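Novice: Residue numbers for the sequence shown follow full-length UniProt numbering, so the first one is 1 and each next one is one higher.
If you are wondering where the hints come from, they were derived from the structure by calculation, not from laboratory data.
In this text the structure is predicted, and so the values were computed from the model without any measurement.
Please note: incorrect hints may appear among the correct ones.
As the list claims (entries may be wrong) - Once the Cα atoms are required to be at most 27 Å apart in a straight line, the calculated DSS-like pairs of lysine-lysine come out as:
#, residue 1, residue 2
1, K132, K3
2, K218, K261
3, K261, K199
4, K221, K252
5, K3, K34
6, K271, K218
7, K271, K221
8, K261, K221
9, K132, K271
10, K548, K275
11, K302, K221
12, K5, K34
13, K261, K271
14, K5, K132
15, K302, K132
16, K34, K252
17, K261, K275
18, K271, K302
19, K132, K34
20, K199, K302
21, K218, K132
22, K221, K132
23, K199, K252
24, K132, K199
Unchecked claim - Cβ-Cβ distance ranges computed for the label pairs, FRET-style:
#, residue 1, residue 2, range
25, F611, D373, 54 to 60 Å
26, E67, S41, 14 to 20 Å
27, K252, A216, 38 to 44 Å
28, R53, L374, 22 to 28 Å
29, A414, D373, 38 to 44 Å
30, D411, H463, 20 to 26 Å
31, A215, H359, 20 to 26 Å
32, N327, W552, 38 to 44 Å
33, P310, P413, 50 to 56 Å
34, W552, D328, 35 to 41 Å
35, P413, R609, 18 to 24 Å
36, R53, F22, 24 to 30 Å
37, R384, T606, 33 to 39 Å
38, R100, N327, 46 to 52 Å
For every residue, glycine included, the Cβ atom is placed at its ideal position computed from N, Cα and C.
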Amino acid sequence: MLKQKNLQLNTYRLLRLNDARFINHRIEELNDYKRFVIAISTGATKRVDALVRTALNRGASIHAILELMNRAAKGLYKPKNYEEEELLRSYVFLKFGGARAAHFAHRSLGLPSITTVRRNLPTEAIFVSVGKPTLPELERNIRASFSTDVIDPAGKAGSRGFGYILQFDEIAVEQRIRWDSGSNQILGIARETSGNISKQFNTLNDAILIAEDLAAGKISKACEATVAALGAMATSPRVYANRAIAISGTNKTESGVTHAKLIQTVLDASKTQAKRLGGYVMSVASDGESRRGLAFTILTLKRPLAPTSPIYDRLHSLRFMDLRVGNDDLTGDKDWKHIMKRLRNLLLRDAGVQVDGVHITTFLLRRHFNANDLTDRRIRYLLRPDDKQDVLLAFELLREIILLPPPLPSDDPAFAAVRRALNILGSLFHALLTPYCDVTLSLGDQLALLSQAAHISFVLFRHARTKFMPTQLYADQMIMIKNVYFCVAKYQAYNPDSQFHIILLGTDRLESLFGMVRTMTGNDSNADLYQLSHRLSSAAHCSEIFAKHPDWDRSPRRLHLPRWTGPGRLTSDMDHLNPASWIGNVWVSNVSLITEWRRGSDTAETKLRQFGTTFDLDTLANDPTYNILQPFGVPLQSSDATVELSDEETATPEDSADSSTWQF
1 MLKQKNLQLN TYRLLRLNDA RFINHRIEEL NDYKRFVIAI STGATKRVDA
51 LVRTALNRGA SIHAILELMN RAAKGLYKPK NYEEEELLRS YVFLKFGGAR
101 AAHFAHRSLG LPSITTVRRN LPTEAIFVSV GKPTLPELER NIRASFSTDV
151 IDPAGKAGSR GFGYILQFDE IAVEQRIRWD SGSNQILGIA RETSGNISKQ
201 FNTLNDAILI AEDLAAGKIS KACEATVAAL GAMATSPRVY ANRAIAISGT
251 NKTESGVTHA KLIQTVLDAS KTQAKRLGGY VMSVASDGES RRGLAFTILT
301 LKRPLAPTSP IYDRLHSLRF MDLRVGNDDL TGDKDWKHIM KRLRNLLLRD
351 AGVQVDGVHI TTFLLRRHFN ANDLTDRRIR YLLRPDDKQD VLLAFELLRE
401 IILLPPPLPS DDPAFAAVRR ALNILGSLFH ALLTPYCDVT LSLGDQLALL
451 SQAAHISFVL FRHARTKFMP TQLYADQMIM IKNVYFCVAK YQAYNPDSQF
501 HIILLGTDRL ESLFGMVRTM TGNDSNADLY QLSHRLSSAA HCSEIFAKHP
551 DWDRSPRRLH LPRWTGPGRL TSDMDHLNPA SWIGNVWVSN VSLITEWRRG
601 SDTAETKLRQ FGTTFDLDTL ANDPTYNILQ PFGVPLQSSD ATVELSDEET
651 ATPEDSADSS TWQF
């Protein structure tokens, strides 16, 4: 028994010692965790999350983690397993702040170094075309801009893949002659005058001859660059991010017919690279630039839509719809933000606006805004004539007209007549504006509103012609609305299980690229052609990054449109409108084009009757020559013209009516 007792005592003594050792170990661990929390709170260790992640992957203890943190605080250890977001942040620092800013971020914030960023996120610059872009040059640029892992497979058999918007615009460049070592070309000469110079820099005589021709005035430097970019109609930020595929210097002397050939070459290159793109070009977009408007007329209004086309059955029953298309059912498009700006400029023009027989001027606008309790300071801000490119200012002026209430029975008859005319304008502006700003709208509601806008404009333009609005603005507005319907029809035919966001139409994505180019590091905001080629490639990557992380970016205020969340209400934030922010149902399978077109037409007729406007659409509908682009039975555009109307909404109606390009 004594032996058993001693054995038990020894056992309990050992157990006690083990417990004490275990408790001491746990106390040490708790102390280590406390030191760990204190170490984090000091902020001495950069990228502590990456350090801990690396240590845990190695199975390190809390004590080992503390040792690593101590070494990292002394600069003796740096974790190298960078996350994707850290690489993207460092890339943005490099492109917008330059090497100095990227180095600062690496040293102070622990972000990846410049070498690491360039190794993990390589950027291949697109080549600048010295003369008119050629097919091989464009195909090479498409392959460089669209890596094989960017575009997802087209999907089920029969699908044509993504529908692309081919966008064109100009950006001012520094008039400098540069040598591009990548392509061995001398850049900076306008394509209009480059036909008689060497496109390759092979000997010193090539450069001498260019200098002599410049001095003699035989050739000229490019003052602007024509940029073509492709953007897919998709929901994934990486897919719908815009990518430039063509850069060509210009001195702005090119004719519309010649420019149409340039655009056709870009279309041909996109077609040959359809597999690389994973889709097809379904529309070409631009702003209101007149030369390109003529080129679009030549390319997109060639012939009537063929009955054998997959989209014919969806569109041919739409009353007053213009069914002319280009090759492969190509349609033109005008940027919707430019349309909004031009509508504001229309209201400010000296000649005013005539609506239903009422002549509206800025004087009358001031009077009615005052009657609606707007302050004089607010009215001066809305009607200031010195800023015609501010999208937000245009939005606010159009919105104030939308919010004007109907006249009261006690109002003076003259005042009431003007107010009714303004209410008609408000109905038009509301139908044009909200489809792009109200994130709660479904695709069907957007289409119905655009149909309403088309029918109201059709009636008002027939009443007053250019006294209502310049012919080019009317035509561009109708081209924009027509393109939305055609593009939705194409997605219903080729991608019926897809979403469609009309906010991706137009050239807004290209304008965003230009904004990034102007703010990227450099000696001047207007880059030369060589710098532009590199900055556009980098801007495409940054655009993709900001689309994926919209909270990282704040784009220029003048390009913003606030969200419209209900009648008369605006959100306080100026957030980005992108596919991720859209709440409404935009699946193309849930839309009937004929129903939405008729719904918009019926609403337009109801509103016009309420305001006492006379019209007879049923009679016009019996004549197939009348449509939204032929309000008087003949085309507004002539593809045979060589000179087009100036895009100046502040000109008088008489000036607009004198153009030989626009026919009645």
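Novice: Does each hint hold? Answer for all of them.
Specialist: We went through each hint and held it up to the structure:
This hinted pair does not check out: K132 and K3 have alpha carbons roughly 106 Å apart, beyond 27 Å. Restraint check for K218 and K261: the C-alpha separation of about 23 Å stays at or below 27 Å, so the hint holds. At roughly 20 Å between alpha-carbon atoms, K261 and K199 fall within 27 Å of each other, so this suggested pair holds. A C-alpha spacing of about 11 Å is found between K221 and K252, which places the hinted pair at or below 27 Å, so the restraint holds.
For a cut-off of 27 Å, the pair hint linking K3 to K34 is broken: about 46 Å separates their Cα positions. The hinted pair formed by K271 and K218 fails the criterion: a straight-line CA distance of about 36 Å is larger than 27 Å. Between the alpha carbons of K271 and K221 the distance comes to roughly 31 Å, so the proposed pair goes past 27 Å and is violated. Distance hint between K261 and K221 is fulfilled; the C-alpha atoms sit about 22 Å from each other, no more than 27 Å.
The straight-line distance between the Cα atoms of K132 and K271 is roughly 18 Å, inside the 27 Å bound, and the hint therefore holds. Proposed proximity of K548 and K275 is supported: the alpha carbons are some 25 Å apart, at most 27 Å. This hinted pair does not check out: K302 and K221 have alpha carbons roughly 34 Å apart, beyond 27 Å. A C-alpha spacing of about 43 Å is found between K5 and K34, which places the hinted pair above 27 Å, so the restraint is violated.
Restraint check for K261 and K271: satisfied, since their Cα atoms lie roughly 15 Å apart, inside the 27 Å limit. For a cut-off of 27 Å, the pair hint linking K5 to K132 is broken: about 104 Å separates their Cα positions. Only pairs whose Cα atoms come within 27 Å are accepted, and K302 paired with K132 is accepted, the gap being roughly 23 Å. Proposed proximity of K34 and K252 is contradicted: the alpha carbons are some 69 Å apart, above 27 Å.
For a cut-off of 27 Å, the pair hint linking K261 to K275 stands: about 23 Å separates their Cα positions. About 19 Å separates the Cα atoms of K271 and K302, which keeps this hinted pair within 27 Å; it holds. Between K132 and K34 the CA atoms are separated by roughly 68 Å; this puts the pair beyond 27 Å, and the hint is violated. As the CA atoms of K199 and K302 are separated by approximately 34 Å, the hinted pair breaks the 27 Å bound.
Under the criterion of a C-alpha separation no larger than 27 Å, the hint pairing K218 with K132 is consistent with the structure, at around 17 Å. Distance check on the hinted pair: K221 and K132 sit about 14 Å apart at the alpha-carbon level, within 27 Å; holds. Under the criterion of a C-alpha separation no larger than 27 Å, the hint pairing K199 with K252 is consistent with the structure, at around 20 Å. Between K132 and K199, the direct Cα distance comes to roughly 11 Å. Compliance with the 27 Å bound is thereby established for this hinted pair.
At roughly 23 Å, the beta-carbon separation of F611 and D373 lies outside the given 54 to 60 Å, and the hint is violated. For E67 paired with S41, a C-beta distance near 18 Å keeps the hint of 14 to 20 Å intact. Hint check: K252 to A216, Cβ distance near 21 Å, so the stated range 38 to 44 Å is violated. Taken as a hint, the range 22 to 28 Å is violated for the pair R53 and L374, whose Cβ atoms sit roughly 57 Å apart.
A beta carbon spacing of about 21 Å between A414 and D373 contradicts the range 38 to 44 Å that was offered as a hint. Under the hint 20 to 26 Å, the C-beta atoms of D411 and H463, about 23 Å apart, fit the expected range. Judged by the Cβ atoms, the range 20 to 26 Å given for A215 and H359 is violated: they are separated by roughly 54 Å. Judged by the Cβ atoms, the range 38 to 44 Å given for N327 and W552 holds: they are separated by roughly 40 Å.
For the hinted restraint 50 to 56 Å between P310 and P413, the CB-CB distance of approximately 54 Å keeps it satisfied. Look at W552 against D328: about 38 Å separates their beta carbons, and that is inside 35 to 41 Å. A C-beta distance of roughly 20 Å is found between P413 and R609, which places it inside the suggested range of 18 to 24 Å. A hinted range of 24 to 30 Å for the beta carbons of R53 and F22 is consistent with their spacing of about 29 Å.
As the Cβ distance of R384 to T606 is approximately 35 Å, the hint placing it in 33 to 39 Å holds. Against the hinted window of 46 to 52 Å, the Cβ-Cβ separation of R100 and N327 comes to about 50 Å, which satisfies the hint.
The structure does not agree with the numbered hints 1, 5, 6, 7, 11, 12, 14, 16, 19, 20, 25, 27, 28, 29 and 31 stated previously, though it agrees with the rest.
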